[in-house]
Each structure stands twice: as C-alpha cells, then as structure tokens.
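Protein chains in written order, with my numbering: chain A, 45 to 469; chain B, 45 to 469.
For the record, the hints were derived by calculation from the structure and aren't laboratory data. Everything numeric in this text was worked out from a predicted model, so none of it was measured. Virtual Cβ for every residue (Gly too), placed ideally from N, Cα, C. A hint or two may mislead.
To be verified - Using 30 Å as the maximum straight-line C-alpha spacing, the simulated DSSO-like pairs for lysine-lysine come out as follows: (1) A:102 <-> A:73; (2) A:155 <-> B:138; (3) B:241 <-> A:57; (4) B:465 <-> A:318; (5) A:331 <-> B:241.
To be verified - Here are the simulated distance ranges between beta carbons: (6) B:442 <-> A:281: 25 to 33 Å; (7) B:438 <-> A:52: 35 to 43 Å; (8) A:124 <-> B:190: 27 to 35 Å; (9) A:315 <-> B:106: 52 to 60 Å.
What the hints assert, rightly or not - To give an idea of the interface, some chain A residues facing chain B are shown, with a C-beta separation under 8 Å as derived from the structure: (10) 160; (11) 350; (12) 378; (13) 397; (14) 421.
Protein chains: 2
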Amino acid sequence: MEIKSLQSGLSLKRTVDGGTDAQREAVRKILQDVAAEGDRALIRYTEKFDQVALSSLKVTKEEIEESLERLPEGMIKIMEEAAGNIRSYHEKQKQNSWVDLAASGTMLGQKRTPLDSVGIYVPGGTAAYPSSVLMNAIPAHVAGVERIVMVSPPGKDGKLPASVLAAASIAGVTDIYKVGGAQAIGALAYGTETIAKVDKITGPGNIYVALAKREVYGDVDIDMIAGPSEIAVLADETADARYVAADLLSQAEHDARACSVLVTTSRELAEQVKAEVEMQLESLPRKEIAASAWEEFGGIYVAETMEEAVAAINELSPEHLEIQTKDAMNVTGAIKHAGAIFIGAYSSEPVGDYFAGPNHVLPTNGTARFSSPLNVDDFQKKTSLIMYSKEDMERNAAKIAAFARLEGLEAHARAVEARLKEESE
Amino acid sequence: MEIKSLQSGLSLKRTVDGGTDAQREAVRKILQDVAAEGDRALIRYTEKFDQVALSSLKVTKEEIEESLERLPEGMIKIMEEAAGNIRSYHEKQKQNSWVDLAASGTMLGQKRTPLDSVGIYVPGGTAAYPSSVLMNAIPAHVAGVERIVMVSPPGKDGKLPASVLAAASIAGVTDIYKVGGAQAIGALAYGTETIAKVDKITGPGNIYVALAKREVYGDVDIDMIAGPSEIAVLADETADARYVAADLLSQAEHDARACSVLVTTSRELAEQVKAEVEMQLESLPRKEIAASAWEEFGGIYVAETMEEAVAAINELSPEHLEIQTKDAMNVTGAIKHAGAIFIGAYSSEPVGDYFAGPNHVLPTNGTARFSSPLNVDDFQKKTSLIMYSKEDMERNAAKIAAFARLEGLEAHARAVEARLKEESE
Chain A
45 MEIKSLQSGL SLKRTVDGGT DAQREAVRKI LQDVAAEGDR ALIRYTEKFD
95 QVALSSLKVT KEEIEESLER LPEGMIKIME EAAGNIRSYH EKQKQNSWVD
145 LAASGTMLGQ KRTPLDSVGI YVPGGTAAYP SSVLMNAIPA HVAGVERIVM
195 VSPPGKDGKL PASVLAAASI AGVTDIYKVG GAQAIGALAY GTETIAKVDK
245 ITGPGNIYVA LAKREVYGDV DIDMIAGPSE IAVLADETAD ARYVAADLLS
295 QAEHDARACS VLVTTSRELA EQVKAEVEMQ LESLPRKEIA ASAWEEFGGI
345 YVAETMEEAV AAINELSPEH LEIQTKDAMN VTGAIKHAGA IFIGAYSSEP
395 VGDYFAGPNH VLPTNGTARF SSPLNVDDFQ KKTSLIMYSK EDMERNAAKI
445 AAFARLEGLE AHARAVEARL KEESE
Chain B
45 MEIKSLQSGL SLKRTVDGGT DAQREAVRKI LQDVAAEGDR ALIRYTEKFD
95 QVALSSLKVT KEEIEESLER LPEGMIKIME EAAGNIRSYH EKQKQNSWVD
145 LAASGTMLGQ KRTPLDSVGI YVPGGTAAYP SSVLMNAIPA HVAGVERIVM
195 VSPPGKDGKL PASVLAAASI AGVTDIYKVG GAQAIGALAY GTETIAKVDK
245 ITGPGNIYVA LAKREVYGDV DIDMIAGPSE IAVLADETAD ARYVAADLLS
295 QAEHDARACS VLVTTSRELA EQVKAEVEMQ LESLPRKEIA ASAWEEFGGI
345 YVAETMEEAV AAINELSPEH LEIQTKDAMN VTGAIKHAGA IFIGAYSSEP
395 VGDYFAGPNH VLPTNGTARF SSPLNVDDFQ KKTSLIMYSK EDMERNAAKI
445 AAFARLEGLE AHARAVEARL KEESE
C-alpha cells in the first residue's frame with residue numbers, strides 16, 4: 045500500500061458486475077420457466093442448483109420454533125435488542141398523510157399507504173446474514189406491510205440456517221420459502237401456486253439474483269442493484285490509528301472487491317494507519333480476502349486541506365463514511381453524498397451494521413449521489429388527493445381550458461367547461 | 045361498448061411496450077456511440093433522426109426570450125399561475141433532516157440533501173407538452189436541485205416549441221439542449237463535452253427513450269417506465285353522466301391505447317354515460333384516437349355494491365381515479381392503490397393535469413401498487429447519521445461483537461472491541 049497525495053485525485057476501482065450475455069440468457073430462461081410452470085420449475089431448479097429435492101417449499105412453524113431453540117438464548121436476546129433499536133429508528137421515519145384545506149373549499153393532499161406485500165431475498169451459504177433479515181424486514185413491518193415474504197436457498201440438508209429463521213421470526217416476516225436464485229425472484233415477481241406475487245423485492249444476492257431483479261423491475265419494484273461494500277474514513281491528526289485501521293479492515297473482510305479508503309490531512313496518521321492495517325491483518329481469520337481487497341481496492345490519501353478532503357469524499361459518494369476529526373459535526377454539514385455517516389471515535393462502522401438502529405442496506409458504487417439507505421418510505425407509496433371546489437372551478441375553468449387547448453387537447457378543455465354549464469337534471 | 049357486470053371482474057387490456065430485440069440493439073449502439081464520441085454522436089444522430097444539422101446544441105438566452113415574446117401574454121400568465129400552484133403543493137412535501145439525541149450521548153439522525161443535477165426529457169412534435177415541463181422541473185427546483193437540464197429533440201427548423209421554452213424558463217430549468225431520443229439519454233447518463241452528466245433522468249418519451257432509460261438505470265437514477273394514460277371513474281347514481289363521460293374522454297384522447305373505465309353501482313348511470321360518450325365523441329378533434337381507445341381499452345362495469353366496486357378499483361390500481369359518489373370522502377379512505385384521487389363533481393381530471401398543484405406524472409399500468417406520483421422526495425436523498433457515545437459503546441460492544449461473530453465477521457467484532465482498550469497514546 046503506497047500512500048498517495050490527494051492532489052491528483054482519488055484513483056479507486058469500483059464496479060458493479062453487469063453479468064455476461066450467457067448469464068443474462070440463463071436468467072431469462074429461468075424466469076420464463078417459473079412464469080410458465082410455477083412451483084414445478086422452483087422444485088426443479090432447486091434440485092439443480094442447490095442439490096436438494098424438496099417436497100414442500102414453505103418453512104413450517106415447527107422449523108422456526110426449532111431454530112429458536114437451537115440458538116443460544118443470549119444470542120436471541122441480542123437480536124431482539126438490535127431489532128428494537130432498528131424498529132425505534134425506523135418509526136421516526138414514518139410520515140403522515142396530510143391535507144391542505146383552502147378557504148375556497150378546495151382540498152389538496154397526499155395519502156400514504158403501505159405496500160400490500162414485499163419479498164425479501166436472503167442469500168444462502170456463508171452469506172446468510174441474520175442482521176440483513178432484520179434490516180430488510182423491520183422497515184417493511186414498520187411501514188405497515190401486511191405480507192412480508194422471505195426467500196432463501198436451502199442447504200444440502202433442505203434447511204435454512206437457524207440464525208436466519210430466528211431473525212425472520214423476530215423481524216415480523218410472515219411467510220418463509222426455501223428457494224433461492226433467479227427462480228426465487230421469478231416466484232416473487234410472477235407468483236406460483238405456493239408463493240403469491242409481491243409488490244416489491246429487496247435484499248442482496250449473487251449475479252443471477254441481481255440480473256433477475258433488473259429483469260422483473262417494472263412488473264414489481266426493486267430496491268437497488270448493489271455493488272461491493274465500501275468505507276471511507278475522513279480523519280485528521282486527532283484520530284486513533286488503531287480505530288481507523290480496524291474499521292477499514294471491517295469492510296475489507298466482506299469481499300475481495302470491497303473498497304476501504306482513508307483520506308486524511310495528517311501524513312503521520314496515514315503512516316500509522318498503514319502500519320496498523322498490516323499488523324491487524326495478520327491475525328484475521330478472513331485475512332486473505334481482507335488483504336486482497338486492501339491491496340487492490342483500498343487506498344490511503346493525504347490531503348493538503350480539509351476542504352480538499354471533503355471535496356474528494358463528495359466525489360467518491362461512499363456507502364459508509366466515518367468522520368474522525370476534531371470538529372466532526374461541522375465536517376458532517378459539508379458532506380453532500382454518503383449512504384451513512386459515522387461521526388466521532390466511538391462510531392465504528394459495525395455499530396451501524398448490527399445494532400444502533402439506522403439501516404445497513406446502503407447505496408454503493410457512488411449511487412449515494414441519488415439513492416438513500418433502505419427506509420420506511422421504500423415500503424409505502426403516496427397518492428395525491430384533489431377535491432376541487434365549485435368556486436375554484438368557476439374561477440379557473442377558462443384558464444385550464446386555455447392551457448389544454450395550447451396543448452391541442454380539446455377533450456381536456458371540454459371536461460372542465462362542462463362543469464360551468466347548467467346541470468342537465 | 046357493451047356494459048358489463050363487475051361479477052366476472054374487470055377484463056381490461058393494459059401493457060407497457062417492452063420494445064423489440066432490434067430496438068434494444070439500436071438503443072445499445074446509440075448509447076455506446078454517445079459514450080465514446082460525445083457531442084459528435086449527438087450531432088450525427090440528430091441529423092439522422094430529426095433531419096436537422098445543428099451547429100450548437102445549447103439553446104441560447106435569446107431563443108428563450110424570443111419564445112416568451114411569441115406566446116400570448118395571457119398564456120404566460122396562466123402558466124405562471126399554474127407553476128405557482130404546483131410550487132406551493134410541492135413545498136408541502138418537503139421534509140426536514142432530523143436528529144434524535146439520547147441521554148447516553150448517542151445521536152442518530154437522517155440528513156436530507158438535494159441531488160446535484162437532474163435531466164428532464166421532453167418529447168418532441170405534438171407530444172411536446174409545456175405542462176409536463178412544469179410538472180417535472182418544479183419538484184426538482186423545490187427540492188433544491190442546482191442544475192436542472194432539459195433535453196428535447198429540435199423540429200426541422202432547428203428549434204424547440206416556444207411553449208416548451210417558456211415553461212422551462214418559468215419552472216427554473218437551468219440548461220436546455222436540443223437533442224432527443226436515446227442519444228439524449230446517453231448524454232445525460234454519461235456526459236459529453238457540452239452536456240455534463242446528471243444524477244437522475246425523468247420525463248416521458250417514445251420506446252427508444254424508454255429503453256435507453258432502462259439501460260442506463262443504475263449509472264443514474266430514473267423516474268419510471270410509463271405506460272399509456274388511464275382513468276377510472278367510480279360513481280353512483282348521484283353522478284352527472286355528462287361530467288363522467290367528458291372526463292373519460294379526456295384520457296381517451298391522449299393515446300389510442302389509453303384506458304378509460306367507469307365502475308358504477310347504478311345501471312342507469314352506466315347507460316347514460318355510454319350514450320353521453322358516444323354523443324360527445326362526435327365533435328372531438330381527436331375523435332379517431334379517443335374512439336379507438338374507448339372501444340379497445342375502455343369499459344363500463346356495473347357493481348352490485350360499493351364494496352365490490354372499491355375492491356375492483358384496488359385491483360386495477362389506476363393512474364387517475366375519480367370518485368363521484370354521495371359520500372366521496374368516505375370512499376376515498378377505502379382506496380389503497382391509485383396515483384391520484386379526484387374527489388367530487390368538480391374535480392375533473394384535467395384540473396390536476398394543468399393547474400391544481402399536485403403532480404401529473406403518475407404511476408401507470410398498476411404500478412400505483414408500489415409507486416408514487418413524481419414528488420420532492422424523488423429529487424432528494426437521505427443519509428443516515430450515527431454518532432455513538434463512549435457510554436453506549438461500553439455498554440453494547442460485547443453484544444455487537446457477538447452478533448458479528450455469529451456471522452463469521454471477526455474484523456467487525458475487533459473494530460468495536462478496539463474501542464474498549466486503553467488509548468495507545
């Protein structure tokens with residue numbers, strides 16, 4: 045790792061895997077089969093990809109209860125406390141419907157309604173994260189979604205991990221099915237005999253899942269196309285190099301393509317962090333992944349001024365940003381683009397991954413320029429309300445008709461003018 | 045038009061044109077060329093598709109001022125009043141950033157930031173609607189977006205319509221370029237020498253524009269993939285058949301694939317509306333389009349009860365819904381899915397298209413189940429804020445570490461545990 049000057053800008057590699065033509069073709073075929081054959085296609089593809097022959101897709105109450113018993117009680121308590129914090133933060137995001145009543149008798153407003161149903165994708169194997177179940181399901185539950193479906197590929201034993209089932213139960217998931225991959229996305233988007241279609245699909249997955257989500261977008265809503273995890277730490281000479289290094293590594297261990305970046309005004313800190321990262325790496329179980337991510341996608345940049353550093357962060361628009369400087373709250377005001385901002389020495393990024401309350405599903409790959417953390421708004425939609433009064437219609441009909449005629453839409457003009465004529469009976 | 049019983053459900057045809065393989069291929073080629081060649085590709089495609097050789101893409105101040113002079117003064121005044129109403133409604137949608145300060149010293153919050161830049165697509169020819177410019181640009185302006193770019197294909201005279209330029213000027217558009225089609229979407233998504241890239245693209249277009257938007261989604265945000273316009277009228281025996289018929293036709297005249305539906309508990313009203321539509325159709329300038337839409341995509345359904353009628357409307361999830369019943373506000377509460385609800389006899393749908401204030405960019409083709417009208421939230425994004433206190437870290441570090449280890453993420457656990465150790469200096 046070579047420490048670079050920020051003068052020549054950040055030179056980071058970031059990409060979202062777009063998939064190959066063959067992968068796209070495979071996904072289209074799977075989606076078509078699910079649309080045409082329903083459950084039969086789900087069972088067949090599960091046998092093919094997950095090497096398990098299921099007699100039933102639905103996870104039973106007994107399986108869920110068993111999973112709660114299999115986990116240590118202390119772990120259940122921690123998940124429940126985390127769920128409580130997540131629920132409490134997301135409750136604060138809830139917005140009311142509103143109306144504006146004018147003296148003229150006209151009422152304008154905006155009604156909020158939860159989606160009827162949501163599907164949450166949970167990856168299988170080592171990427172099956174119970175925290176991710178909490179983060180996807182709880183905002184939907186808080187939003188008032190009645191049907192929250194979870195899908196996840198079964199292990200070779202035909203089961204889902206106990207921790208994932210426990211998290212689903214804590215988070216308010218209503219139905220759980222053992223199916224993964226593009227076939228699960230097809231089931232959620234089109235419906236099968238067992239799995240009724242949903243209105244929106246959220247949650248991360250492999251390239252087949254990502255391509256399938258992109259393909260069904262429009263028929264149903266989707267959350268986002270996520271890329272590898274990212275962290276940027278913005279620090280000055282007051283930061284503790286051990287903390288900074290540990291937090292950089294917490295992202296690097298996720299994925300060999302994860303991006304961990306330090307931008308600092310202190311060359312001394314830069315050198316300390318470089319040394320700390322190398323030292324802390326040594327004893328990490330996921331050392332190989334973290335080291336590869338750090339070498340290929342990481343970076344340490346020294347800025348001349350805090351303004352220059354802030355500009356680089358805004359250009360990067362990172363998923364996670366830590367601000368470890370002496371006036372961290374002031375610096376926060378200058379940040380325009382980031383998924384989540386962790387302020388001060390004790391705001392280690394994993395605090396947000398698991399426990400504090402804000403969502404850990406965040407925009408990656410620079411999409412924080414236009415996207416938000418997963419939130420309650422993602423599970424509600426708005427409807428405009430217009431109750432126009434006779435008085436306002438009489439005052440404005442001629443203007444509205446003139447505007448409609450300017451656009452060549454005569455029937456629009458006549459529809460308002462009809463209101464000015466005497467009632468026919 | 046045959047009046048049907050609702051007992052056997054609504055049987056309406058609705059589709060969004062997905063494009064042919066050849067169209068997809070053409071769009072991909074255009075996008076690649078724009079990414080590689082920039083302005084040169086824009087000029088070349090404009091010559092090919094719009095039959096005009098431009099020396100400059102940017103609309104000048106003089107062209108805008110000239111357009112304002114060419115329009116009747118009364119028309120400018122009407123547009124300004126409409127813009128004022130739209131601005132006022134959208135101002136009410138604005139949400140504040142918020143924080144929650146706990147006694148333990150932890151601060152959690154949510155910061156709102158406008159997007160830096162937005163691109164608005166405006167179709168050319170007879171589909172160039174100044175009202176659409178107001179509806180797309182004003183929410184962005186209210187949200188605080190600094191750079192609002194408009195693109196639209198030039199006519200054979202190398203100009204944009206005066207009404208569209210006037211609307212852009214009133215709505216706060218900052219840059220206007222004469223370029224349309226997939227090439228314009230490419231310019232907005234990737235940037236060229238003249239047109240800097242934007243963060244989000246909104247606005248309707250033909251199939252090439254729609255396919256291009258779908259293709260660049262992820263690099264930039266997009267609004268939605270819109271289908272043909274729709275109106276459903278929910279009426280009882282108190283409704284005026286003339287009004288209902290006029291409103292059904294105001295949507296039918298948009299597009300031969302527009303969908304106009306009456307659902308009523310009164311067979312008498314059903315018959316009156318059928319007769320009124322036929323009569324009013326006769327003298328419409330866009331009679332052919334409206335008649336074709338009404339015959340092929342329209343419908344009149346008689347329900348046994350209001351509950352049955354409401355259930356059918358929720359199933360349909362229409363873009364526009366008019367409620368013309370004696371207890372219209374009560375019925376409104378039972379509607380779960382609609383883009384905009386027009387309540388009562390004077391709330392003719394065109395009032396919302398032009399003047400009342402709510403947005404006329406609305407979810408079509410049943411997507412009101414999960415989508416909202418274009419609104420201020422579409423032009424802002426959220427960032428989570430987490431400032432964790434030493435006290436909370438000391439209380440919770442062990443729990444967070446345990447959760448991280450359950451997921452096999454040791455570096456996450458160590459990052460929080462590092463905070464419990466003595467400072468190194």
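Each hint tested on the structure:
Distance restraint check for residue 102 (chain A) and residue 73 (chain A): the Cα-Cα separation of roughly 24 Å lies within the 30 Å cut-off, and the hinted pair is therefore satisfied. For the proposed pair residue 155 (chain A) and residue 138 (chain B), the alpha carbon gap of about 15 Å is at most 30 Å, so the pair holds. Of the pairs offered as hints, the one joining residue 241 (chain B) and residue 57 (chain A) holds, with about 20 Å between alpha carbons and a cut-off of 30 Å not exceeded. For the hint pairing residue 465 (chain B) with residue 318 (chain A), the CA-to-CA distance comes to about 20 Å; that is within 30 Å, so the pair holds.
For the proposed pair residue 331 (chain A) and residue 241 (chain B), the alpha carbon gap of about 39 Å is over 30 Å, so the pair is violated. At roughly 31 Å, the beta-carbon separation of residue 442 (chain B) and residue 281 (chain A) lies within the given 25 to 33 Å, and the hint holds. The supplied range of 35 to 43 Å is met by residue 438 (chain B) and residue 52 (chain A), whose beta-carbon atoms lie about 42 Å from each other. Distance hint for residue 124 (chain A) and residue 190 (chain B): a CB-CB separation of about 45 Å, inconsistent with the stated range 27 to 35 Å.
With their beta carbons about 58 Å apart, residue 315 (chain A) and residue 106 (chain B) fall inside the hinted range of 52 to 60 Å. Taken as an interface hint, residue 160 (chain A) checks out: its beta carbon lies about 7 Å from the nearest beta carbon of chain B, inside 8 Å. For residue 350 (chain A), the suggested interface contact is broken, since its CB lies about 18 Å from the closest CB of chain B, more than 8 Å. A hinted interface residue such as residue 378 (chain A) counts as satisfied when its beta carbon comes closer than 8 Å to some beta carbon of chain B; here the least separation is about 11 Å, so the hint is violated.
Hint status for residue 397 (chain A): holds, given a least beta-carbon distance of 6 Å to chain B, under 8 Å. Given hint, residue 421 (chain A) at the interface with chain B, holds; its Cβ is 7 Å from that chain's nearest Cβ, closer than 8 Å.
Consistency note: the structure conflicts with the earlier hints numbered 5, 8, 11, 12.
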